[in-house]
Amino acid sequence: MPFILSIAAYVAVIPLIWGVSGRFPRAVAPISSLPYVAQLILVSSIALGWVPGGYESIDWIPSLGVTIAVSTDTFALLLAAIVAGIGLLIVVYSAGYFADPSRRSRFLAQMSLFSAGMVGVVTSDELLGLFVFWEITTVASYLLIGFDDEKAEARASALQAILVTTSGGLAMLAGFVLMAMASGTTRISTIVADPPTGTMVSVALVLIFLGAFTKSAQFPFHFWLPGAMAAPTPASAYLHSATMVKAGIVLLLLLAPGFATTFLWIWVVTATGLITMALGAITALTQRDLKLLLAYGTVSQLGFMTALIGLGFTGAALAVLVAHSLFKAALFLIVGIVDKATGTRQIGELSGVGARMPIVAVAGAIAAGSMAGLPPLLGFVTKEGAFDTLIGAEDWLPLAVIAVSSALTVAYAARWWFGAFGSTKGISPVTAAQSKTSMVLAPVALGVLTVSFGIDPRPMAAAVEHAVGQNVKLVLWPGFTPALAVSSIVVAAGVWLYLARGRQTEFHPERRRTPFPRAADVYTASLRGLLRTADAVTGVVQNGSLPVYLAVIVVSVLAVPAATWLFTWNPSLSLPVWNHPSELVLGVIAAAGAVAATRVQRRMAAALMIGVVGYAIAGIYVVFSAPDLALTQLLIETLTVGLFAFVLAKLPRRFGAEPRSLPFRARIAVALFAGIVVVLAALATSTVVPNRSVADEYIARASDAGGKNVVNVVLTNFRALDTLGEITVLAAAGIGIGALVRPVRSRRERGEAS
Amino acid sequence: MRMRFSPFLATGAQTMVPTLMLFSVYLLVVGHDVPGGGFAGGLIASSGLLLVFLAFGRRGLRRAFPIDPETAMGFGLVLAIAAGVIGLAFGGTFLTYEYAQWTVPVIGDIKVSTLLAFDLGVYIVVVGLVTTSIFKLGSDPS
Numbered sequence: 001m002p003f004i005l006s007i008a009a010y011v012a013v014i015p016l017i018w019g020v021s022g023r024f025p026r027a028v029a030p031i032s033s034l035p036y037v038a039q040l041i042l043v044s045s046i047a048l049g050w051v052p053g054g055y056e057s058i059d060w061i062p063s064l065g066v067t068i069a070v071s072t073d074t075f076a077l078l079l080a081a082i083v084a085g086i087g088l089l090i091v092v093y094s095a096g097y098f099a100d101p102s103r104r105s106r107f108l109a110q111m112s113l114f115s116a117g118m119v120g121v122v123t124s125d126e127l128l129g130l131f132v133f134w135e136i137t138t139v140a141s142y143l144l145i146g147f148d149d150e151k152a153e154a155r156a157s158a159l160q161a162i163l164v165t166t167s168g169g170l171a172m173l174a175g176f177v178l179m180a181m182a183s184g185t186t187r188i189s190t191i192v193a194d195p196p197t198g199t200m201v202s203v204a205l206v207l208i209f210l211g212a213f214t215k216s217a218q219f220p221f222h223f224w225l226p227g228a229m230a231a232p233t234p235a236s237a238y239l240h241s242a243t244m245v246k247a248g249i250v251l252l253l254l255l256a257p258g259f260a261t262t263f264l265w266i267w268v269v270t271a272t273g274l275i276t277m278a279l280g281a282i283t284a285l286t287q288r289d290l291k292l293l294l295a296y297g298t299v300s301q302l303g304f305m306t307a308l309i310g311l312g313f314t315g316a317a318l319a320v321l322v323a324h325s326l327f328k329a330a331l332f333l334i335v336g337i338v339d340k341a342t343g344t345r346q347i348g349e350l351s352g353v354g355a356r357m358p359i360v361a362v363a364g365a366i367a368a369g370s371m372a373g374l375p376p377l378l379g380f381v382t383k384e385g386a387f388d389t390l391i392g393a394e395d396w397l398p399l400a401v402i403a404v405s406s407a408l409t410v411a412y413a414a415r416w417w418f419g420a421f422g423s424t425k426g427i428s429p430v431t432a433a434q435s436k437t438s439m440v441l442a443p444v445a446l447g448v449l450t451v452s453f454g455i456d457p458r459p460m461a462a463a464v465e466h467a468v469g470q471n472v473k474l475v476l477w478p479g480f481t482p483a484l485a486v487s488s489i490v491v492a493a494g495v496w497l498y499l500a501r502g503r504q505t506e507f508h509p510e511r512r513r514t515p516f517p518r519a520a521d522v523y524t525a526s527l528r529g530l531l532r533t534a535d536a537v538t539g540v541v542q543n544g545s546l547p548v549y550l551a552v553i554v555v556s557v558l559a560v561p562a563a564t565w566l567f568t569w570n571p572s573l574s575l576p577v578w579n580h581p582s583e584l585v586l587g588v589i590a591a592a593g594a595v596a597a598t599r600v601q602r603r604m605a606a607a608l609m610i611g612v613v614g615y616a617i618a619g620i621y622v623v624f625s626a627p628d629l630a631l632t633q634l635l636i637e638t639l640t641v642g643l644f645a646f647v648l649a650k651l652p653r654r655f656g657a658e659p660r661s662l663p664f665r666a667r668i669a670v671a672l673f674a675g676i677v678v679v680l681a682a683l684a685t686s687t688v689v690p691n692r693s694v695a696d697e698y699i700a701r702a703s704d705a706g707g708k709n710v711v712n713v714v715l716t717n718f719r720a721l722d723t724l725g726e727i728t729v730l731a732a733a734g735i736g737i738g739a740l741v742r743p744v745r746s747r748r749e750r751g752e753a754s
Numbered sequence: 001m002r003m004r005f006s007p008f009l010a011t012g013a014q015t016m017v018p019t020l021m022l023f024s025v026y027l028l029v030v031g032h033d034v035p036g037g038g039f040a041g042g043l044i045a046s047s048g049l050l051l052v053f054l055a056f057g058r059r060g061l062r063r064a065f066p067i068d069p070e071t072a073m074g075f076g077l078v079l080a081i082a083a084g085v086i087g088l089a090f091g092g093t094f095l096t097y098e099y100a101q102w103t104v105p106v107i108g109d110i111k112v113s114t115l116l117a118f119d120l121g122v123y124i125v126v127v128g129l130v131t132t133s134i135f136k137l138g139s140d141p142s
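Residue numbers (my numbering), protein chains in the order written: chain A, 1 to 754; chain B, 1 to 142.
If we strip away everything but chain B, and leave its shape as in the complex, we get:
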């Protein structure tokens, strides 16, 4: 199955991919309270990147995802471990999280925690894995 450049796919991707990316970040951030989380968010972002590849090929994906995906996976792993170690440093055990909460006028409560860093690590590993697979397995559309 050889892929060819399709203007329809390209136009569709141009509108859909930003939405998908935004949605993936949304899932990542709200995951602790409503359905979502790092894994689901990472999968959404990966589908967006798959769409980029199908529409614009290897070169397009490289522009959308300019870092080496295997390095990204390593970074995600380190981030998740680091989030766990921070809990250790604050006197808890490995993988307990630290929270900070502020109330900002108009916007409401803002909750920041090292848990988000852990989930972000999961997110990055998933995106890195799928992107590696796309780069390695995918055939370029001509």
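Bound-form chain A, shown alone:
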């Protein structure tokens, strides 16, 4: 399983990064780059046939049929190469970007976690495994957006991103489960080979769309992506343009072969994609912040890919995805360089940067040109391929929307480049610090790839065709075709748009009131509503009065079983009064203790009486030869009385000294209810004829587990997971006590002190 190990390597280096970061900060970046290099070597070895690829799996929860499986077909390899390749460049870049070594190692460690998830997402062939990797990327993205955790804005953006994407992710999980139920397998390649149909599948698809659309920032969930720009620029370049936001696209590409011909798919996916593309492009043109402009540009390009997949053109979508990853990562990295060197990334504050950093400016021109779709760059070739496919299929409406959005793309690409590198009259040229070679390397390398795949797109075309089995016309010079005509019109219109509107430094979007609520406002309002509801509920059930807490807990624990017995109560009271005469004695003692606890006036006496009840019950366990239970019960009673004594020291000695927060009648009602339900429960459970098969099996198998004490074997072997859960609850309760209870002196202690 070489490929699964190569994913695990990303996680394995994290402790190493921590280990060396203190003493050898210079070793952090080289160590972080190791898994990326290893992955690239492995991917190329599989692609060249030196290492056998194919299907790899490990059983994770065999009893539930949950496996982690990867399939290293061309599609997976191509995307894994993008993730690892761009990841490697980002590692090199961030070595220069983060001056502070501790921030650098934290960033690289979090990024490594992300990369493990991302490679997992693009190579998974199992729905549940894919979900797990998907959520790893969500968590890593949360950490990276909130990287500057001392900034409230960064924390809010991180929270917004994780809330939006995990709610989509949960919907997607439900969709996966439905899909697996409908098709009888969780293996993706099997599902798409023989796609199930029916209402359940439609519901599953809609839920899966929610996951894909939230992750890939599709309207109306797009707003988290611009917010995510609070992340450090290398993270934005990697997660929020080149890789993670493509996860939804990847998922749609995986499922497209099975479902792209369904009515639901064509309409929902295409419409969402087209709306997102147009909206993103319009918004991008109005941005002043170079990074935000790119973020909205990413939203728009993701919409482009989604629309293509909706129409079934997976080949064109994959080509656009690859081109976009190359140029958008470069654009973000360049914004980072300009920002670091000048201290600003606002259009209108920058002037004369191009003259000071010519290499960066050229790399920026290549990337922006690829985004705009200019020849001879990869962006031109892929967009041309998309136009050609759309014209061939005669999808005129989508073609029109995509062409208009592409013209806007040309305009915002120009706005971006001239905003960053141009010279503006009236603004004095900024002073720019020398930028580090390690930072310039990545955008230059991406630029070289963009140019070379643009000039010779044949390997791209072959890879795309092999990956999704769809031929796309990817050529630099197509001849005088309708697609070229569309491209030319788009570029001309884009230039005109830029000259007419795109040079404005200031837009006032807040002045243009729209009748529609903004998506981000809907998010804020629903979040606020949720918090307010939680506040109201908490105010009622958690009002600070212990008797009310107890009443709420007791009634809600008992109401549900009591309600079910109302319908299924079938008494057959053929109980013996006692099995052994000593039970009678112990029972009388327990009852006497319980009655006494309600009668005594002093709290401590009541606690002791409750202890008497507990000891008597322990005695009954002994009679039934359950020494483990008896032992535990005795110890618990002893400790409880001891701890009770501590708490009671802080309360008035006698009952009734404080005002009652719960009326006396209500207390009696709750107590009677609890008593009756528990008695009925005891009767019900003891009159049921027990099914001994489980118990007998436990007893028979205890020796297999290497123990003679069945109770302990059950606790530590057969039901060990339950025990683990219980001690987790214990520890959580302990932390709760530690956090909530401050060692305060009692009223009386304070009184005596004063």
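Just so you know, the hints here were simulated from the structure itself, not pulled from any lab data. One or more of the hints may lead you astray.
Unchecked claim - From the derived model, a few chain A residues whose C-beta atoms are all more than 10 Å from chain B:
no., residue
1, Val11
2, Ser44
3, Ile275
4, Glu394
5, Val444
6, Leu530
7, Val540
8, Asn579
9, Ala590
10, Ala606
11, Gly611
12, Asp628
13, Leu631
14, Phe646
To be verified - Reference listing, derived: stretches of chain A covered by chain B, where coverage requires no fewer than 3 residues with Cβ under 8 Å from a Cβ of chain B:
no., segment
15, 633–645
16, 709–717
17, 721–727
18, 731–741
Predicted, not measured: the structure shown is a model, and the values here were computed from it. Backbone N, C-alpha and C define an ideal beta-carbon position, used for all residues, glycine too.
Add chain B to chain A, keeping to what the hints say.
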């Protein structure tokens, strides 16, 4: 109820606490074959620590239990999970245990298993919980 230092309690505790601790370890170790186990053992040890507190107060308990009890709980939890993961690493599933058994002359058979680590995790969590409660809730004897 304000506690005062009691020489009787202190002397009693000095003899009883070591016995309780030994008994708690005994229960932990033999739990798989006779009544006992991590939970019961942890409760016994906790009663011993409660006795230490009642006799010698906060300072005495801190000397008897020098680590932060909340950290101890976390450690116990990690130990239990680690014991489960070891089973995973040896090709079983989560929370299956590995055994090793030797026959030592005079003493007899010695059985060591990762199950003991799991039970020890339970033991530590219980002790940590009770000790946290004692530290937080208890009033010092004067």
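Q | Hint numbers contradicted by this structure | A | Structure breaks hints 12, 13, 14.
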